[in-house]
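Undergrad: With the hints as extra help, turn the sequences into a complete structure.
Protein chains in written order, with the working numbering: chain A, 473 to 811; chain B, 473 to 811.
There may be inaccurate statements among the hints.
Each pair may be met inside one copy or between any two copies, as identical chains are not told apart.
Taking lysine to aspartate or glutamate and the DMTMM-like style, the derived pairs with C-alpha atoms no more than 25 Å apart in a straight line are [what the hints assert, rightly or not]:
1. K522 to E492
2. K722 to E801
3. K668 to E791
4. K668 to D565
5. K725 to D689
6. K668 to E746
Treat the hints as calculated values from the structure; they're not laboratory data.
There are 2 protein chains.
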Amino acid sequence: MMKILLDCFGGDHSPEANVEGGLKALEAFPDLYLILTGDEASLKACLEGKKYDAARLEIVHAPEVIGCDERPIDAVRLKKESSMIKAIRLLRDRDDIAALVSVGSTGALVTAALTRIGRIRGVIRPAFCPILPTMDGGLVVICDSGANVDVTPEHLRQFAIMGSLYMENVYGVARPRVALLNVGKEAEKGDETHQKAYELLSQTPEINFVGNMESRDLLSGSYDLVVADGFSGNVLVKTTEGTALELLKKLKKDIYSRTIYKLGALLMKRMFMEEKDFMNYQNYGGSVLLGTCKTIVKGHGSSKATAVFKCIEQAWKMEQNALPAKMEEIIMKYDHYEY
Amino acid sequence: MMKILLDCFGGDHSPEANVEGGLKALEAFPDLYLILTGDEASLKACLEGKKYDAARLEIVHAPEVIGCDERPIDAVRLKKESSMIKAIRLLRDRDDIAALVSVGSTGALVTAALTRIGRIRGVIRPAFCPILPTMDGGLVVICDSGANVDVTPEHLRQFAIMGSLYMENVYGVARPRVALLNVGKEAEKGDETHQKAYELLSQTPEINFVGNMESRDLLSGSYDLVVADGFSGNVLVKTTEGTALELLKKLKKDIYSRTIYKLGALLMKRMFMEEKDFMNYQNYGGSVLLGTCKTIVKGHGSSKATAVFKCIEQAWKMEQNALPAKMEEIIMKYDHYEY
Numbered sequence: 473m474m475k476i477l478l479d480c481f482g483g484d485h486s487p488e489a490n491v492e493g494g495l496k497a498l499e500a501f502p503d504l505y506l507i508l509t510g511d512e513a514s515l516k517a518c519l520e521g522k523k524y525d526a527a528r529l530e531i532v533h534a535p536e537v538i539g540c541d542e543r544p545i546d547a548v549r550l551k552k553e554s555s556m557i558k559a560i561r562l563l564r565d566r567d568d569i570a571a572l573v574s575v576g577s578t579g580a581l582v583t584a585a586l587t588r589i590g591r592i593r594g595v596i597r598p599a600f601c602p603i604l605p606t607m608d609g610g611l612v613v614i615c616d617s618g619a620n621v622d623v624t625p626e627h628l629r630q631f632a633i634m635g636s637l638y639m640e641n642v643y644g645v646a647r648p649r650v651a652l653l654n655v656g657k658e659a660e661k662g663d664e665t666h667q668k669a670y671e672l673l674s675q676t677p678e679i680n681f682v683g684n685m686e687s688r689d690l691l692s693g694s695y696d697l698v699v700a701d702g703f704s705g706n707v708l709v710k711t712t713e714g715t716a717l718e719l720l721k722k723l724k725k726d727i728y729s730r731t732i733y734k735l736g737a738l739l740m741k742r743m744f745m746e747e748k749d750f751m752n753y754q755n756y757g758g759s760v761l762l763g764t765c766k767t768i769v770k771g772h773g774s775s776k777a778t779a780v781f782k783c784i785e786q787a788w789k790m791e792q793n794a795l796p797a798k799m800e801e802i803i804m805k806y807d808h809y810e811y
Numbered sequence: 473m474m475k476i477l478l479d480c481f482g483g484d485h486s487p488e489a490n491v492e493g494g495l496k497a498l499e500a501f502p503d504l505y506l507i508l509t510g511d512e513a514s515l516k517a518c519l520e521g522k523k524y525d526a527a528r529l530e531i532v533h534a535p536e537v538i539g540c541d542e543r544p545i546d547a548v549r550l551k552k553e554s555s556m557i558k559a560i561r562l563l564r565d566r567d568d569i570a571a572l573v574s575v576g577s578t579g580a581l582v583t584a585a586l587t588r589i590g591r592i593r594g595v596i597r598p599a600f601c602p603i604l605p606t607m608d609g610g611l612v613v614i615c616d617s618g619a620n621v622d623v624t625p626e627h628l629r630q631f632a633i634m635g636s637l638y639m640e641n642v643y644g645v646a647r648p649r650v651a652l653l654n655v656g657k658e659a660e661k662g663d664e665t666h667q668k669a670y671e672l673l674s675q676t677p678e679i680n681f682v683g684n685m686e687s688r689d690l691l692s693g694s695y696d697l698v699v700a701d702g703f704s705g706n707v708l709v710k711t712t713e714g715t716a717l718e719l720l721k722k723l724k725k726d727i728y729s730r731t732i733y734k735l736g737a738l739l740m741k742r743m744f745m746e747e748k749d750f751m752n753y754q755n756y757g758g759s760v761l762l763g764t765c766k767t768i769v770k771g772h773g774s775s776k777a778t779a780v781f782k783c784i785e786q787a788w789k790m791e792q793n794a795l796p797a798k799m800e801e802i803i804m805k806y807d808h809y810e811y
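TA: Below you can see the structure in the form of structure tokens.
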């Protein structure tokens, strides 16, 4: 039995969407055992009348909720009875629990994970890794996108190793193409850290390093994994999301400005729906924290049931494929310190 | 008479577009004197039959051209007879020349400017500053976007001062809203450099600092100037351009996939043209290098005549408003070292 924790609060559609996604996962994975955290009465109300295998579902009462506007460090310290922090404690304390899925505050989850959950042997720093759709129908993972604002070349190599194994084992990409985010393609671009990282990545046969990537090529489909320091990785991901959103908003506004445009848009309705669907990150799964010894998946705050299900599926696949053990095996071959 | 150098080669539409844009500027600004650099015979051929005030135009023969694929440092060192490097030398040596406009290789131009042209008194590092349109019809300048991959808080303060004066004097924005690019809004976000920069910016009454900006808000219209280290500033600008371009490409491809979509798009043709126009950076002027003692404007490689004209107009406005002197005045009030 694979035991996975599901934090049922903190999202825009919580707890209904979380519970519904959880039940879907129970149906899809016969070896899955779910532990829901959150207000027991609310969770029971959500479960009422639903059909599911009660022997594989458990509720742990946690009456508090962490809001997305709370300071992460305070939330982690003070809200011990929240659905998220209670789940983190269970993940830390119980050997039989493999993973945690949450759609709550990213800051609180990353802070709690980094301070409460141990790292895989050899891993210096875990990385927070979102996934984006590329224009050719593929996917690209960014590793790291905010957990570490200061990095060394060795951190970046570890991100590359962990991200490659993730793409291979969870998304079935053989020999994922790894790029280093930089200000130009040439090996000598960027600061010393990036120059040295380029060198290290080139000398790591376990990964398929294809060179530096300029940020304008993120969505081109030429890369499966982009390695970055948390600061510029964060800028990369948020700029992409922001630009896409602002453009869609503008398009919509402009369409409504004239009747003939509205008419034209009517003919293209299905296409626009598909574009919107394409850009909806809910369809691609959540962000994962790579490098902690227990698997942690963070779904978007606006996740509906399908998105929650996808996140559980991700966690299940990571554990099913023994990702943490595989990471440890490769990382231990190289220099690792500070841990 | 204001003397401005116009590098007439290195762009996709050179030299025709450069010459045409130059002549337009001569007509618009009666106090402008243009010095064209490039192959004399080609330039004379472009000028043939055109009407212009010959007393305010001069050609300096420079037979070589720097390609955009050449290594900047080699190009600057070896191609002394190129239209760009010859222009840089003239800018350095002749006190009567105020500015340089080029649409050639960005890397070569920035390298040449940083190594050959002096800085404004007090300026530690010049910054490369592109401008982007925001969704509410405004503009936003990013300062720096690639000239400095390593920065200190003091550099960032200087970028803020220079960028504010630029927005005020060239684009007429009163009290430009200055933001610091960071991974979150709170003052304590980011690494030590960004935390300290936040503090310094808050303590600089000459600028209107409004706090940290998350990259997803770049195009929102809430900011006139974004201060960033050259690495993440570069990621910010290139990701925005890349995402917009990839999305438009996808939209176009999808439209062509079905007849009914093509029909719909036909009705929206004018709107799509306007969107394309809106996203065409040629309409907003070039990137400027702020902090060198002579004004340098870099237009996009694909600049046509109007874009070249806009770049000359920018340079003219900067000099007309005595921007370098104003920058020096404020910057000298604060700590400045290393120069």
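Undergrad: State for each hint whether it applies.
TA: How the hints compare with the structure:
1. In this assembly of identical chains, the alpha carbons of K522 and E492 lie at most 25 Å apart only when taken from the same copy (9 Å versus 73 Å across copies).
2. For the homomeric pair K722 and E801, neither the shortest alpha-carbon distance inside one copy (49 Å) nor that between copies (41 Å) is at most 25 Å.
3. When the C-alpha separation of K668 and E791 is checked against a cutoff of 25 Å, the pair qualifies neither within a copy, at 33 Å, nor between copies, at 42 Å.
4. For the identical chains of this complex, K668 and D565 are neighbours neither inside a copy (39 Å) nor across copies (38 Å), given an alpha-carbon limit of 25 Å.
5. Taking identical chains as interchangeable, the C-alpha atoms of K725 and D689 lie at most 25 Å apart only when they sit on different chains, with a minimum of 18 Å there against 28 Å within one chain.
6. In the homo-oligomer, the alpha carbons of K668 and E746 never lie at most 25 Å apart, since the shortest distance is 42 Å inside one protomer and 45 Å across protomers.
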